[in-house]
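*Asks:* Following the hints, position chain V against chain A.
There are 2 protein chains.
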Amino acid sequence: MPSKPPDGEHRGWIIPIGGAEDKDTNPRILQRFVDLSGGSEADIVVIPTASRLNETGLRYETLFSGMGAARVSVLDFDTRRDCQEPNRLARLAEASGIFFTGGNQLRLSTILGGTDVARTVRQRNAQGVAVAGTSAGAGFLSEHMIAFGKEGSSPRASSVRLAPGLGLTNRFVIDQHFRQRDRLGRLSAALAYNPFAIGIGLDEDTAAFISPDDTLEVEGSGAVTVVDAHDLQFSSIAHADEDDPVCMLGLGVHILIAGATFNLHTRRASAGRLATRKT
Amino acid sequence: MPSKPPDGEHRGWIIPIGGAEDKDTNPRILQRFVDLSGGSEADIVVIPTASRLNETGLRYETLFSGMGAARVSVLDFDTRRDCQEPNRLARLAEASGIFFTGGNQLRLSTILGGTDVARTVRQRNAQGVAVAGTSAGAGFLSEHMIAFGKEGSSPRASSVRLAPGLGLTNRFVIDQHFRQRDRLGRLSAALAYNPFAIGIGLDEDTAAFISPDDTLEVEGSGAVTVVDAHDLQFSSIAHADEDDPVCMLGLGVHILIAGATFNLHTRRASAGRLATRKT
Chain A
0 MPSKPPDGEH
10 RGWIIPIGGA
20 EDKDTNPRIL
30 QRFVDLSGGS
40 EADIVVIPTA
50 SRLNETGLRY
60 ETLFSGMGAA
70 RVSVLDFDTR
80 RDCQEPNRLA
90 RLAEASGIFF
100 TGGNQLRLST
110 ILGGTDVART
120 VRQRNAQGVA
130 VAGTSAGAGF
140 LSEHMIAFGK
150 EGSSPRASSV
160 RLAPGLGLTN
170 RFVIDQHFRQ
180 RDRLGRLSAA
190 LAYNPFAIGI
200 GLDEDTAAFI
210 SPDDTLEVEG
220 SGAVTVVDAH
230 DLQFSSIAHA
240 DEDDPVCMLG
250 LGVHILIAGA
260 TFNLHTRRAS
270 AGRLATRKT
Chain V
0 MPSKPPDGEH
10 RGWIIPIGGA
20 EDKDTNPRIL
30 QRFVDLSGGS
40 EADIVVIPTA
50 SRLNETGLRY
60 ETLFSGMGAA
70 RVSVLDFDTR
80 RDCQEPNRLA
90 RLAEASGIFF
100 TGGNQLRLST
110 ILGGTDVART
120 VRQRNAQGVA
130 VAGTSAGAGF
140 LSEHMIAFGK
150 EGSSPRASSV
160 RLAPGLGLTN
170 RFVIDQHFRQ
180 RDRLGRLSAA
190 LAYNPFAIGI
200 GLDEDTAAFI
210 SPDDTLEVEG
220 SGAVTVVDAH
230 DLQFSSIAHA
240 DEDDPVCMLG
250 LGVHILIAGA
260 TFNLHTRRAS
270 AGRLATRKT
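Chains as they are written, first to last, in my numbering: chain A, 0 to 278; chain V, 0 to 278.
Derived by calculation from the structure, the hints in this document are not laboratory data.
Fair warning: there could be bad hints in the mix.
Where chains are identical, the list cannot tell them apart; a pair therefore holds if satisfied intra-copy or between any two copies.
Here are the computed lysine to any residue pairs in the SDA-like style, where the Cα-Cα straight-line distance is at most 25 Å [unchecked claim]:
#: 1; residue 1: Lys-3; residue 2: Ala-92
#: 2; residue 1: Lys-22; residue 2: Asp-243
#: 3; residue 1: Lys-22; residue 2: Asp-240
#: 4; residue 1: Lys-22; residue 2: Asn-169
#: 5; residue 1: Lys-22; residue 2: Asp-242
#: 6; residue 1: Lys-3; residue 2: Glu-93
#: 7; residue 1: Lys-3; residue 2: Phe-195
#: 8; residue 1: Lys-3; residue 2: Arg-121
#: 9; residue 1: Lys-3; residue 2: Phe-147
#: 10; residue 1: Lys-22; residue 2: Glu-241
#: 11; residue 1: Lys-22; residue 2: Ala-89
Only chain A is shown next, with the shape it has when bound in the complex:
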């Protein structure tokens, strides 16, 4: 469960990114994360646990420093024992922005799950700190994480496996590299079990900036596909065998681009500034 914000305070932004975000020509997603973390006063911690490559964390350290952050540190928690290390936890508790890199999201959940690191990130987010993740790091942010999934076929009962994630919120389930890998089927199947959550499919170089009041705004060059199963008329998942295709009638789908918004409470999409754009 998400940590409760202290009275009178707002939780920080939650920023899932679909992977392959632009780092050179137009790094608007990463820059906006730095800005929301305090801009020239930003104190950013990069957690590269999902990745097995040593350079992953350093790459973001260089990028965020170049974008004007006051201080950037890479904290690599490589074992559950690392997650109890007081110096690193103290450093994490100072951060005004926390960033999870891509890689394997099961490394995130198996190494960080239930540790003081996970608890500290939730607390900091509740206190107003921005938390972003890209690719696997995006999938990990919510309470319900897609741990495994098949791609490129009809939704089948076996096409998705959920696992507990970091738990900054339970309002959505993230799927990343969405349109590049065709994941409407598996995201829909994930919602079939319980239509409470909203499915968020992130294209590459595209992010959902989720404000403290749970309004999602899109940034980046692609689209965010919002799948809302709230008015689901019928689902066959309760009776489906593992390899059966799944029938789902009455899904609401919104394809949002930069500037459009979706409120996770009212479930209403808005064209935002796009509505007034002239030819």
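*Replies:* Coordinates of chain V only, in the frame set by chain A:
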């Protein structure tokens, strides 16, 4: 425009198939087409124009004969001149079932479009003859055909090009190999121009059997994704540049499996016999 059925008669079934239909173990789609064409009295014409392979037509001839059709002929219209050939047109006019193979749908529209062959197929369908097509053959059946499309990326204004198709109906736009190639984006973009039509995304080995009263019923091992833009709340396509991603808010999506139905007039989905299935 579709030919009008004679008074008191019903048009025949329209059967788009998503490609790669099972031809050996469980050829339920092809068998049902034979049954709707008259079963043991079926007189089927196979049109392999979309394909450049000589064996394509013969393969279906063997299959349909093996399924009990009384008579099967392959009519290969390879040029527009072929489409004026009286013997072939006479043979086509006798058919109780007409089948378009896969291949390249622009070969279908450029060779058959506006010819007596296209007119005869529309007339025969209006008189009750079943018309089926697989893959490119499926895409060609409707008035509006997806001629080109990009795959695996966000819907963009440039991601789809429509061309006139055979015109058995104008109620839907077909996209085939749907989930295998991620085409939600391009199908949605096709609907953005005019939400009148209903988007039908066909998985491989899956068909939409569209009855004379315009009720679509699914057959096969995969799913049919119905995209209904009737209640579209906002689309950015009128103002989008070629390479801009397209924003579409308020799409209705139904994922139907074998047994489920969708009425193209009322736009209502039904679980059909799935609703009463027990565990």
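*Asks:* With reference to the structure, classify each hint as holding or not holding.
*Replies:* Hint-by-hint comparison with the structure:
With identical chains, the CA atoms of Lys-3 and Ala-92 are at most 25 Å apart within one copy only, with a shortest distance of 16 Å there and 73 Å across copies. Taking the closest pair of Cα atoms, Lys-22 and Asp-243 come within 25 Å of each other only across two copies (20 Å); inside a single copy the shortest separation is 41 Å, beyond that limit. Within a single copy, Lys-22 and Asp-240 get their C-alpha atoms only as close as 43 Å, which misses the 25 Å cut-off; across copies the closest is 24 Å, which meets it. Taking the shortest Cα distances, Lys-22 and Asn-169 never come within 25 Å of each other, neither inside one copy (29 Å) nor across copies (45 Å).
For the identical chains of this complex, Lys-22 and Asp-242 are inter-copy neighbours only, at 20 Å across copies versus 40 Å inside a copy, given an alpha-carbon limit of 25 Å. Proximity of Lys-3 and Glu-93 under a CA criterion of 25 Å is satisfied intra-copy only: 19 Å inside one chain copy versus 74 Å between copies. In this homomeric assembly, Lys-3 and Phe-195 come within 25 Å of each other (Cα to Cα) only inside a single copy, at 20 Å, whereas the closest approach across copies is 47 Å. Taking the shortest Cα distances, Lys-3 and Arg-121 sit within 25 Å of each other inside one copy (9 Å), while across copies they are farther apart (65 Å).
Taking CA atoms no more than 25 Å apart as the test, Lys-3 paired with Phe-147 passes in neither setting, with 29 Å inside one copy and 51 Å between copies. For the identical chains of this complex, Lys-22 and Glu-241 are inter-copy neighbours only, at 24 Å across copies versus 40 Å inside a copy, given an alpha-carbon limit of 25 Å. With identical chains, the CA atoms of Lys-22 and Ala-89 are never at most 25 Å apart, being 29 Å at best within one copy and 64 Å at best between copies.
The structure fails to meet hints 4, 9 and 11 from the earlier list, while all remaining hints are met.
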